[in-house]
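Asker: Sequence:
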Amino acid sequence: TAVGFVKLAPDVHVGGKVAKGSLVATVDVLGVAVEVRADHGGIVAKLRCATGDPVEYGQELFLLESVGEGKL
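Residues 80 to 151 in this note's numbering are what the sequence shown spells out, letter by letter.
Warning: the hint list may mix true and false statements.
Derived lysine-lysine pairs resembling DSSO-like cross-links, with alpha carbons at most 30 Å apart [what the hints assert, rightly or not]: (1) K86 / K96; (2) K86 / K99; (3) K96 / K125; (4) K125 / K99; (5) K125 / K86.
In case anyone wonders, no lab produced these hints; they're calculated from the structure.
Throw the hints in and build the complete structure from the sequences for me.
Answerer: Laid out in structure tokens, this is it:
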């Protein structure tokens, strides 16, 4: 069962760099935008959803590949 609809941030695309704590998406839940922030930094390796897709609580939105310290 979907909880809401996702809107990915512009930097969230394959090859895009994501910093720890950055806003990576919002999920519209009953008209309320809930922010999703990165718990670690990296490079987006694979998307698991697209803007407008229905998503569930805890669903993986994309896969981050770790990079060395200070390279973001």
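Asker: Next step is simple, just say for each hint if it's right about the structure.
Answerer: Status of the hints after comparison with the structure:
Proposed proximity of K86 and K96 is supported: the alpha carbons are some 17 Å apart, at most 30 Å. Taken as a hint, the K86 and K99 pair is honoured in the structure, with Cα atoms around 18 Å apart against an allowance of 30 Å. About 12 Å separates the Cα atoms of K96 and K125, which keeps this hinted pair within 30 Å; it holds. About 17 Å separates the Cα atoms of K125 and K99, which keeps this hinted pair within 30 Å; it holds.
Pair hint K125 plus K86 holds up; C-alpha atoms about 16 Å apart against a cutoff of 30 Å.
In summary, this structure violates none of the numbered hints.
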